[in-house]
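These protein sequence lines are chains A and B, in that order.
In terms of this note's numbering, the numbers along the first sequence are unbroken and rise by one, the last being 541.
In terms of this note's numbering, the numbers along the second sequence are unbroken and rise by one, the last being 254.
Be aware that a few hints might be false.
[Said to hold, decoys possible] Calculated lysine-lysine pairs in the DSS-like style (CA-CA distance at most 25 Å, straight line):
hint, chain 1, residue 1, chain 2, residue 2
1, A, K100, B, K72
2, A, K529, A, K539
3, A, K103, A, K88
4, A, K175, A, K238
5, A, K359, A, K304
6, A, K175, A, K304
7, B, K158, A, K103
8, A, K175, A, K359
9, A, K539, B, K72
I should point out that these hints are in silico values taken from the structure, not numbers from a laboratory.
Here the structure is a predicted model, which is why all the values come from computation and not from measurement.
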Amino acid sequence: MSAASHSQAMFFQARATAQVRNAGLQKTLKKVRPLFVAKRAKGVAGLVEDGLDVEQLRSACAAIRRRVVDDLDVWLDIFEERAKASGAEVLWARDGDEVARLVVDIAQRHGVTKAVKSKSMLSEEARLNEALGAAGVRPVETDLGEYIVQIAGETPSHIIAPAVHKTIGEVEALFAKAHERPLQARTSADIPAMAGEARAVLRQHFLSAEMGISGANFLIAESGSAALVTNEGNGRMVTTLPKVHVVITGIEKIVPTLEDFATLMRLLPRSATGQGISNYVSLLTGTRGDNESEGPEKTVFILVDNGRAALAGSDFADMLRCIRCGACMNHCPVYFSLGGHAYGWVYPGPMGSVLTPLYTGIENALDLPHASTGCNQCGSVCPVNIPLPALMHRLREIQSERRLRPWGERLALRGWGWLAVRPTLYRWVARQVARYLRWLADDSGRIRVFGLAPGWTEGRDLTPPPSKTFHELYAARKRA
Amino acid sequence: MRLALYVTCLVDLMRPAVGFAALRLLEGAGCEVVVPPGQTCCGQPAWSAGNRNLARDLAKKAIAELEPFDYVVLPSGSCADHIRNVYPQLLADDPAWAARAAAAAGRSYELSSFLDEVLHLATVPGEFAGSVTYHDSCKGLRGLGIKRQPRALLAKVRGLALAEMQDCEECCGFGGAFAVRFGEVSTAIVDRKCEAIAASGADAVVGGDLGCLLNIEGRLRRRGDTKTQVLHLAEVLAGTEPA
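Pulled out of the complex, with its shape left as it was, chain A reads as follows (with noise of 0.2 Å):
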């Protein structure tokens, strides 16, 4: 199936209505959007407190992302060249019909029964888990975040902290129910003792499992490795135990060199989550060596277009800087009023609101470009400089040149554009406005339904004008 038909991203303004009024839901996000921000914060100063330039880091990191978003195709060369020189296989996809493929032929060539995975976006995008369970293949999540929402049989509502809409109770609830006990009360405290539950379980499947599928921060072309960046120690476990490590990832995630990594971790977990460094990095090369303990006999790379290759080169090639720290979701106003799902598609907030039109279809996702106040909160805090906003923008803009907009709204756009170069009927019309909003206003002085924008209603009232407007009030006192 395509990305675009099981996209949700059409409905988004039906699902964010949903999202708004589910209270529970709303009290949760209440809770964590300031953690993420203060994290962030507490990250940053971190950078300053040790003499270096936040802005500076930015440009830097930027810098090396660009590079090899200018070049791709050479950088890939090189990581291939390098990949395979160190024993890795290295295979391409097109879309994420064909990573599934890929996948579940891996599989059945090294007769795997049982998957354990570390966090990838990219599976999702794939939804690998879907076609490896048609195949007979279980995957199993293990990052905890993931391992929740798969048991609840839903997909992340965040990049880095898939369950980020769930509460205590309702893990609780899960947990109980997908391992066979009964249900406890619980509050915060007892979290770390339902991670240790998760653990023991996870434990057994990664000593089952036959094969290991994770995603990659980043490629680093000049030593053909995957570099993972992780806190739970599951991705070390899912990339070394198995036999059969697969490593799916986006073509955009090349690095050239250790050096550049090394500068881009500076800004990665700082900016996802406050972290100086994740309390795990690997860096994965090759297969297990003649002399070495561990590690995979056999190692794929998965390398992933679905829609990055037409990005390099457009008006749109900033996106394939992104490096998936979160940031941008985690200060964005609207992804905190909502939560990831009403998003519609694999990623969710401002990243989102680009890729998902980008990778699924711009007439797919209207109202992702739209559903920004443009506040540019993402864009100020992005480690590689990606202008969000401006790129929402050029796609209402591709919206508005193929005619993709409601027709009621490009008149409306139109006829006050028509208004707007007729300063003398523009002014009369503007005085008819503001009587007529003065005629709406109740006994109170305030008017509560507007029957032309409704939603500015719904939930505020509108204080009316004075009876006249400046330029009125203006010409009469130059008379005067």
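Since chain A is already given, all that's left is putting chain B on it; use the hints.
Just chain B now, kept in the frame of chain A:
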């Protein structure tokens, strides 16, 4: 110096007092102020909607009207951002207009930055007995670097105490058409702003953009807060109009 006051379409229609307050401040500082009679809208709504052609037409119209002046002052960070940061890129590939757009951008200022950075205003006529909290509007803050200027000016208002709210740099959820297109989402965002304002204990919330202020005021009133005043910076700085 001779300057144009661009009152903005929203001030013209919804709160003319803001335009007159700006006028008093600028004239009081000795400027010769003209309100160009043909002004309608800077075109930001067209640009935000993605209609580049209409945005260009309105940009050209505004540039032509504003060319005879040494400076252009706008009581809005969002409209000033549009002229300063969007006009040049909008007309960059039009040889007849690129230089004119860049020149207009360089001459245009948001009110508080003009009063503070160009006029170096030493005193303001306004008085305010009570505390105010300042909402940093997004385009002014992140597009033009307006943060210190309004606070420096508010500090000159007799009797006024500044009570900063939590997350004063957080978006209020207005976003132009966004507020109407996604009314409930916008309301959820402005609710957080209203809570921050209430927690600050301020008698008034002050800002530099009427769009944000109408949004905040509308939500405060709907929530039943009839007490907290919602004022444009110009109104606070200029004080009440002499009878």
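Hint by hint, here is what the structure shows:
The hinted pair formed by K100 (chain A) and K72 (chain B) fails the criterion: a straight-line CA distance of about 46 Å is larger than 25 Å. This hinted pair checks out: K529 (chain A) and K539 (chain A) have alpha carbons roughly 15 Å apart, not beyond 25 Å. Distance check on the hinted pair: K103 (chain A) and K88 (chain A) sit about 24 Å apart at the alpha-carbon level, within 25 Å; holds. With a CA separation close to 21 Å, the supplied pair K175 (chain A) and K238 (chain A) stays within the 25 Å bound.
Annotation: proposed proximity of K359 (chain A) to K304 (chain A) holds, straight-line Cα distance about 6 Å (limit 25 Å). For the suggested pair K175 (chain A) and K304 (chain A), the alpha carbons sit about 12 Å apart, so the restraint of at most 25 Å is met. Only pairs whose Cα atoms come within 25 Å are accepted, and K158 (chain B) paired with K103 (chain A) is accepted, the gap being roughly 21 Å. For the given pair, K175 (chain A) sits about 16 Å from K359 (chain A) by alpha-carbon distance, which is consistent with the 25 Å threshold.
Taken as a hint, the K539 (chain A) and K72 (chain B) pair is honoured in the structure, with Cα atoms around 24 Å apart against an allowance of 25 Å.
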